[in-house]
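J.: Residue numbers (our numbering), protein chains in the order written: chain Y, 355 to 601; chain A, 6 to 555; chain F, 338 to 393.
The hints are simulated quantities; they were obtained by calculation from the structure and are not laboratory data. Because the structure is a prediction, the values reported are computed rather than measured. Please note that the accuracy of each hint is not assured.
[Stated by the list, open to error] Within a straight-line C-alpha distance of at most 30 Å, the following computed DSBU-like cross-link-like pairs (lysine-lysine) qualify: (1) A:Lys-83 <-> A:Lys-441; (2) F:Lys-375 <-> A:Lys-449; (3) A:Lys-441 <-> F:Lys-375; (4) A:Lys-83 <-> F:Lys-375; (5) F:Lys-374 <-> A:Lys-83; (6) Y:Lys-458 <-> Y:Lys-470; (7) Y:Lys-458 <-> Y:Lys-567; (8) F:Lys-374 <-> A:Lys-441; (9) A:Lys-221 <-> A:Lys-441; (10) A:Lys-449 <-> A:Lys-221; (11) Y:Lys-567 <-> Y:Lys-513; (12) A:Lys-83 <-> A:Lys-221.
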Amino acid sequence: MFNIHYRLERYSIRFAIGVLIVASIGGFVEIAPLFTIDETVESAPDMRVYTPLELAGRNIYIREGCYACHSQMIRTLRDEVERYGPYSLAAESQYDHPMLWGSKRTGPDLARIGGKYSDDWHVAHLNNPRDVVPPSVMPSYRWLGETELSRQDLVLDLKALQRLGVPYSEEMVTNATADAYGQAMPDSDEAEGVAERYGDATHIRDFDGNRQKVTELDALIAYLQILGRLTDAAYQNPALQKLGGPK
Amino acid sequence: MMVSQLTVGERQLALVLLILMAVWGLVMTLAGADGLFQAQGTLIFLYSLGGIFLVLSGYFLPPPAANREDRYYDDPTKAGIILAMIWALIAMFVGDWVAWLLAYPEMTFDAAWASFGRLRPVHTTGIIFGFGGNALIAASLHVVQRTSRARLPDQLSPWFVLFGYNLFCLLAVSGYLIGITQSKEYAEPEWYADIWLVVVWVTYFILYLRVLARRKEPHIYVANWYFMAFILVVAVLHIVNNLALPIAFNHVKSYSAFSGVQDAMTQWWYGHNAVAFFLTAGFLGMLYYFLPKRAERPIYSYRMSIIGFWGITFFYMWAGSHHLHYTALPTWVQTLGMTFSAMLLVPSWIAAGNALMTLNGAWHRVRDDATLRFMMVAAVFYGLSTFEGSFMAIRPVNALSHYTDWTIGHVHAGALGWVALITFGTIYSLVPWLWKKERMYSPKLVEVHFWLALAGVLIYVFAMWNSGIIQGLMWRTYDDAGTLAYSFVESMEAMHPYYIARAIGGLLFLIGTAVGSYNIWRTIRMPESAGVVETPVPEPAARPVLRSGE
Amino acid sequence: MTIEHEILVIAAKSYGLFYLIGLSVIVLAYTFWPSNKKPFERAAKSIMEDEDRPWQ
Ligand code: HEM
């Protein structure tokens, strides 16, 4: 009796292993080459990392589910390039853990939204999209401007990303909390360090027009304003010409 | 009472496990670095505490009879069915709510938790994992016992799987509302919930293997193959896609181990195969058992079911990249995904055809029996949506359909038409069998549910096909001057009537589910096989009321 | 490093093809193996039998 049971059991385990092997090979074969692809991806030497404030904004973008309505991936199609700008390159999301390419465009693509509108426009729009675009179906995010940004964990955030391979320097990690404050408070002492660490082109300003505190709205707008502007690689891409080029 | 069926040893082990879980919850609450982590810890703690009270309240009941071995153990299946219906009501309600929000964005509370971006994952997780997952666990435990002619090996592990799994679903859904998410579609829960699911899932897999090992029937019936593939592959997908680094062990936040293209590919390898092995393989397991049973005819071709099985297991894994056409993903990977998506049509249609051929000669039953009709229409929708899927995976078609409502229409042709309908058919078959009733409380209400559901799917899907194609075309239309003819906002405005239609279709579907839940509830409350109750009669107090597990 | 990537890509593409063909042959052979016919037919019918309780 025991013997028969034993053999039967082996049979079902063998079956399970068979399923596993058959199923995993497809995935493995398809994904494995992508992990060596780093070397063949276009390089973007000028690319900078997200500042702590922008990263915090990105996490708010994730938290609020903006990705459920907005893509951040311009495809290699002429109409997309004309509507949204140069198509997205793999290099542009190389520091995005996780990527936010999205799968649904209830709203427009945001891959190159940075610089398209003023900070004030974003403040008004996020507060109530229908004040700016009357037929809009985007939700209002009134609470963002009232909520103070929680900054104390940003050191941990940067450290985790550093471990995953994002090139944050030790100095960036240690100063993350102060930098997040400084970037949205241009007159403060903390503001200077931001430009030093992340470059002079970094936007250092009061994004939400509220001088009292650094809010979640500051962070989100800082993030939106940098989208598509971490590197110039996409504009320099020679293959772009074939699709008509940016407008 | 579920506890009465546990042996004394199992009751003790259950208490130990629940106390461990409660401690885990307490540690999360006390050590949590922020309110979010603490809230999730408190949820775990209270959930476990509830379990402890449940076990304690039945702790001193007499132990189960020694002859329990000559019965199947169906209490977990019964509980799974009830949970599935509860999740269906919640998640479809939220689905319809977000559907209305896309037509009237102000139809919500001025609060973070009630905004579209947080509610939408509540809908998707609630429906896929809450409704679908509970139904799959329930059905698989039923089928594996029957086809193996063996009882579950113990009484505790199925309850652990069921309660553990629902804890995962609760953590996920409550997390989104308070702002916890990884943003990976269908894998939104954060790292601690993911780890918990692994524990639950491994128990489920071992439980399944243990039943198979006890089987008296030498051959493993094909439905079990599908269930096994579902359990096993979902485990692999889940683990790989959720690899992430928490920023601290007392923090909800984690960062995906992958970035950019790799992350996209991993995500859609996961996303697509979640459709394949969760929403297809598992439900095909249901189909291959319950459809023949209900039609009282063996499956048309057992061989076709085997070929279909290996075809699906093999082909699906390659197809994920069709979600990333024209993106920064290397072209050869896109082509590979497209080719395999086309080939996928073969095993898919084998399965759908096999189901429909089984009904050949039983069409009069399909006509008269709404339950069987649920399954038949499900097979038709399965065939249709796999065809549509293969079509949409062709690159130029995808150029039009991607990012639009066409995808949503496609998803729901599969989700409402296939997944939900086959599940309802299965549940309507199971409820009278398990609760030992002659039939459902009201066959008429089953009929009503069927037509509401069918009308709902059709309205939903047609509305989304229309809006999706219009949207796709408006985005790429040029005027004579060679510039884009429509602004984005114009395309958005054009969607308005379709969004209303979709929300109405969804409402019909939701009402159908409510009718079904009521019918199931009344069936459970019916006296055991004691004749027919036509009209709603209040239960006389003297009659023994049967509850799950008694 | 690029070479390594290319090798992986080539392996992925060609190996996949052979694997696909091999697997199909195995599955078809198993399905249509004459001696398997009876067990399959039995299996298909077996679920129709009465199934009130486990076999002892
Ligand atoms: C009452 C019935 C239902 C209604 C009203 C409903 C409504 C919705 C809505 C409004 C969305 C968001 C679409 C968008 O962002 O434009 C959605 C997404 C989704 N629903 Fe449903 N739904 C229902 C049932 C189901 C069922 C039964 C399933 C699965 C078994 C399902 C699976 C999904 C999935 C997977 C998505 C995400 C699609 C994607 O991202 O591509 N839904 N649903």
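J.: A separate judgement is required for each hint: does it hold in the structure or not?
T.: Outcome of the hint check:
no. : hint                    : in the structure
1   : A:Lys-83 <-> A:Lys-441  : 12 Å, holds
2   : F:Lys-375 <-> A:Lys-449 : 41 Å, violated
3   : A:Lys-441 <-> F:Lys-375 : 34 Å, violated
4   : A:Lys-83 <-> F:Lys-375  : 35 Å, violated
5   : F:Lys-374 <-> A:Lys-83  : 36 Å, violated
6   : Y:Lys-458 <-> Y:Lys-470 : 21 Å, holds
7   : Y:Lys-458 <-> Y:Lys-567 : 34 Å, violated
8   : F:Lys-374 <-> A:Lys-441 : 36 Å, violated
9   : A:Lys-221 <-> A:Lys-441 : 25 Å, holds
10  : A:Lys-449 <-> A:Lys-221 : 39 Å, violated
11  : Y:Lys-567 <-> Y:Lys-513 : 25 Å, holds
12  : A:Lys-83 <-> A:Lys-221  : 24 Å, holds
Hint compliance for this structure: hints 2, 3, 4, 5, 7, 8, 10 are not met, and every other hint is.
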